[in-house]
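All chains, full assembly: derive it from the sequences and hints.
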Amino acid sequence: SLSSTQQVKRILWSNIPPNLSFGSSSEKDSALTHSEVLQQCLEANFTRALARRTAEPVKIGLYYESLCPGCRNFITSMLYPTSVLLGDIMDLTLVPYGNAQETFDGEKYIFKCQHGEGECMGNMIEACLLNLTDSNAFLTIFCMESSGDPVKACVELFLPNLSWKQLMTCVNGDSGNQIMHQTALKTQALKPPHDYVPWITINGVRPWGMKSSLSWDHPGRGRAGCVLMEGERHRPQTKGLPVRK
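Under full-length UniProt numbering, the letters of the sequence shown match residues 1 to 245, in that order.
By construction, these hints were calculated from the structure, which means they are not laboratory data. Model, not experiment: these values are computed from the prediction. Some hints could be false.
To be verified - Below 25 Å or equal to it, Euclidean Cα-Cα: the simulated BS3-like pairs (lysine-lysine) are:
(1) LYS112 / LYS186
(2) LYS108 / LYS59
(3) LYS165 / LYS59
(4) LYS191 / LYS59
(5) LYS112 / LYS152
(6) LYS165 / LYS152
What follows is the structure, encoded as structure tokens:
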């Protein structure tokens, strides 16, 4: 019979789309180990919440870019599997902006994105999805981030009540422009400011500090844990455009 760990892994990977490729089973295990780390962080925060006799979900904020390779990997191999296990105690906020920059031309905001116009469009689509619907928005974004260019198919699959025309009206109109501006303001309000993406907050704060990072225990030490590591910062996944202060 399967161990409990094997059963959890089978459940997790049955929820990963088949077109999300991994080079080997060891890469799958590594991705699951990463999700277990975030799981333990959430469990630790939720345990403290219960100790205070509250049952509020743990608030997770993800500041990211739609075409950033590190962001896409985090969403598909770490955040999504964790949400399968602990979605009932997570209050997830996605902020698709990252290292983008904005200027105002007197009529509307103009955005410059680290990975080009395609990323600006992806950020706008995901921001509009988050604004237009609560149900299945994360599943739709996960679908988009785990594939090549499946935007319309993902929307039709997970948000059948949202028309493509309605979404594009937001993306190409004044409402989308203002939504993206608000997304920019949320990102610029981070304290401490982000200096790479993906950038994660728990309950509204960056828990690892300017000289700390989220790190995995060495495999020889047993179960992975959420560890404060003083010293070298977490290695940036995506850098490039200077972050607007």
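Handout entry: Violations among the numbered hints, reported as their numbers in ascending order
Key = Hints 2, 3 contradicted; others consistent.
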